[in-house]
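Chains as they are written, first to last, in full-length UniProt numbering: chain Z, 1 to 306; chain U, 1 to 328.
None of these hints come from the bench; they were simulated from the model.
One or more hints might be untrue.
Straight-line C-alpha distance at most 25 Å; calculated DSS-like pairs for lysine-lysine [what the hints assert, rightly or not]:
{"id": "1", "chain 1": "U", "residue 1": "K290", "chain 2": "U", "residue 2": "K71"}
{"id": "2", "chain 1": "U", "residue 1": "K233", "chain 2": "Z", "residue 2": "K112"}
{"id": "3", "chain 1": "Z", "residue 1": "K112", "chain 2": "U", "residue 2": "K290"}
{"id": "4", "chain 1": "U", "residue 1": "K233", "chain 2": "U", "residue 2": "K130"}
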Amino acid sequence: MKSKIKLRRKFSAESLIFHTFNYVFLALLCIAMLYPIINTIAVSFNDGLDAVRGGIGLWPRTFTLDNYRTVLGMHTILDAFWMSVYRTVVQVVTNIVVTSMLAFALSRREFKPGRPIALIFVLTMYFNAGLIPNFILIQSLGMVNTFAVYWVPTMISAFNLIIMRTYMRTIPEALLESARLDGASDFRTYLQIVMPLSKPVLATVALFVAVGAWNTWFDAFIYNSGAQHLSVLQYELQRVLASAMMQGQQSSQSSQAAQAGMGLSMVTPQTIRATITVVAAVPILIVYPFLQRYFVHGVQLGGVKE
Amino acid sequence: MGITTSPGVSAKKRPWRVTFKKQWQLYLMSFPMLFYLLLFAYVPLLGWVMAFQEFRPRFGLSPIGQVMSNKWVGLENFKTLLDNTTILGQRFLQSVVNTLGQSILILVLGFFLTIMLSLLLNELRLTGVKRFVQNVLYLPHFLSWVIVAMLASTALSLPGSGGFLNDFLLKVGIVDRPIQFLADPGYFWGIVAGTHLWKNLGWNTIIYMAAMTSIDPNLYEAASIDGANRYQKMWHVTLASIRPTIVLLLIINIGMLLTSGFEIQWLLGQGVNIVRSENIDVFVLRYGIKMGNFSLATAAGILRTVVSILLLTGSNFVARSLKQETLF
């Protein structure tokens, strides 16, 4: 009976119009999201000379790997790529260790200082001293032009802490109780019982930290711009963009054409920019399909429980 | 809350030293981070006193040196910023206007489009399609702002530099000459809003979608029996059920009106569009760190924080009184 009603409604004219509109609209939106990305990938595989003619859509017109050969031959880009990988790993590890430990202590209801400590952390979500005071602090700690500035000030975030603590509180009290009766210390309970049970939330937080670490360029720009060996990939990309902005659009076009006319090179600033963009995005694009189920689950978990 | 072993009663009777001895590992796991937090989140607040001083770099940069050795000037720095007869004051006030313009555009567009998109996604019946669409819409959120700025500067450039938006507009015949989007200040607020929407529109639906999954299906059933059509159900059941979420997000967003982001303005801002691109954050960065005028930049930061808190509490107050009206 119920299904019959549903079936009939599905084929009513009003429904048909609505669903048609809905699918068309969402399809257009998906195209708007994907087109710039796919177009950039296509340009990165296209011959530079040919790209100046414009009109490359979703597929390279004159296929070449020259752009990638050039970009991956640039030491600054390659070094920055590995520095980005390195800082991402360090940030994920330190964040997970520190946040989970603190979250475990704060999740224990019998730990009395837990409540005020949590409050002091949560307050930091609502205010920030601002750019200049933070800059002065980092400078007076002697962390300018050091690797430490990437991971020390960002070791813990109140938001991740709350997500983790909330999750750990859902672990049955009886489990911790029985561990205690068996003589397990708090450290052991944390390592052998709580951590293995917290895998979903650890994965979610690790993902957020990793994405943030990979995508940041501001700390490199503000604190480490004097140390080329500490540069990260997104900062290098920002430099490429800045120099392109400086050139201005028209002059860059004419210089590309001039370069092309003289037959100096098959790679142009335009294709190089596209290629570096792809290199900076590739880790995210590769891991995204594998990780999306974690973050959707994790965010809903965090959102609902708040 | 579940079953808890009433912690207050038994712990209160024991002397502090006994519980510490029992829980020393928990103390060890949390206290070092407390000092870390004090250093990195609370000590910088001392830097706020700089806003009431005249900054003189020769006294060094340590926070304590700052407080002790600079000359107190009262509200002088704030007056300088808010004085629209000087070039500096005009520039700061323009950056306030830009921040507000950009964030109101983001808020208004983002607010309606996100809710509309959540409703449309919620109507998708094929789970496979739904999941695919959602994942495509979430994707841009995970790309960095530099990449977004790069994609935007390409898309908006002239056809010869890969500007496919101009390509498209020319082909369709909306314009007969390519538009120099980035060189014309008039487009900049729109570019800021557009890039924010592109990056976060899909992602922002998550919280509404989560709220929608917890709606009782019986409500729809009951509405159907009462003869409600699709739009009436969307309006009276779905939207009504997620209203608390909507109000909450609105309050939070109003509190952030003086924060329109920083990255896209910094990355795509250039001499030609500075009158519309420079917002408070960019002003603080250019004026503070690049030009070394720490006192003025700190004052600008404080002004923003104070107004933000006022906006947040104000909108919260309004929402509370309105909610009472609509509820009873």
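Hint check:
Only pairs whose Cα atoms come within 25 Å are accepted, and K290 (chain U) paired with K71 (chain U) is accepted, the gap being roughly 22 Å. Between K233 (chain U) and K112 (chain Z), the direct Cα distance comes to roughly 48 Å. Violation of the 25 Å bound is thereby established for this hinted pair. Simply put, K112 (chain Z) and K290 (chain U) have alpha-carbon atoms about 46 Å apart, too far for the 25 Å limit, and the pair is violated. For the hint linking K233 (chain U) to K130 (chain U), the alpha-carbon distance of about 20 Å falls within 25 Å, and the restraint holds.
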